[in-house]
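Construct all of the structure, not just a fragment, from the sequences and the given hints.
Using the numbering used here, read the sequence shown as starting at 13 and increasing by one per residue.
Bear in mind the hints are in silico, worked out from the structure with no lab data behind them. Glycine residues also receive a C-beta, built at the ideal position from the N, C-alpha and C atoms.
Mimicking SDA-like on lysine to any residue, the simulated pairs with C-alpha atoms at most 20 Å apart in a straight line are:
| # | residue 1 | residue 2 |
| --- | --- | --- |
| 1 | 68 | 34 |
| 2 | 162 | 147 |
| 3 | 68 | 103 |
Derived DEER-like restraints, expressed as beta-carbon distance ranges:
| # | residue 1 | residue 2 | range |
| --- | --- | --- | --- |
| 4 | 133 | 26 | 21 to 29 Å |
| 5 | 143 | 97 | 29 to 37 Å |
| 6 | 34 | 155 | 31 to 39 Å |
| 7 | 68 | 129 | 24 to 32 Å |
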Amino acid sequence: MEADRFSLAAQIRDLCLLHLNPRPRSIAIFGSFAGGVLHETSDIDLLLIGDSIPRKPFQRAQWFLPVRLAFQKEAATQFSAFPSILSPVFLSEEGWREAVGLRLSLSQQAWILWDDGTLSSTLSESAGWIASGLWRREDVVSGGWFWIPKGAGK
Numbered sequence: 013m014e015a016d017r018f019s020l021a022a023q024i025r026d027l028c029l030l031h032l033n034p035r036p037r038s039i040a041i042f043g044s045f046a047g048g049v050l051h052e053t054s055d056i057d058l059l060l061i062g063d064s065i066p067r068k069p070f071q072r073a074q075w076f077l078p079v080r081l082a083f084q085k086e087a088a089t090q091f092s093a094f095p096s097i098l099s100p101v102f103l104s105e106e107g108w109r110e111a112v113g114l115r116l117s118l119s120q121q122a123w124i125l126w127d128d129g130t131l132s133s134t135l136s137e138s139a140g141w142i143a144s145g146l147w148r149r150e151d152v153v154s155g156g157w158f159w160i161p162k163g164a165g166k
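Following this line, the structure appears as structure tokens:
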């Protein structure tokens, strides 16, 4: 099952690199798929970072549509045991740098599929913030969590 998850992740990477023009600077999988905690309603959370990604929602949807269609076809035939829905998050490089909560979470659990260094360097920085105690994760009863900066909260 684990090898199949890696194969599926590689397939997603290949589809993105084949169909997305211009290419994003970074692509990663996060969420339940990356964590190996799949459930009945799981999707595959996909982060795409780049200043060349279309800004307007309709244009962005058109840009990503070939990946979505190719993936649904591949998932139905080769990877039927896994989620067939991609849930992309599109961020500019500045948007990624400012998305501190997302960066902290992904530094704990993400699969980098493609990167020019933009993603890996900021994830390393974010992991360092956690390791040094600048940020800590607070779990909540409902199963979620949030990030608390040093000196705030308890």
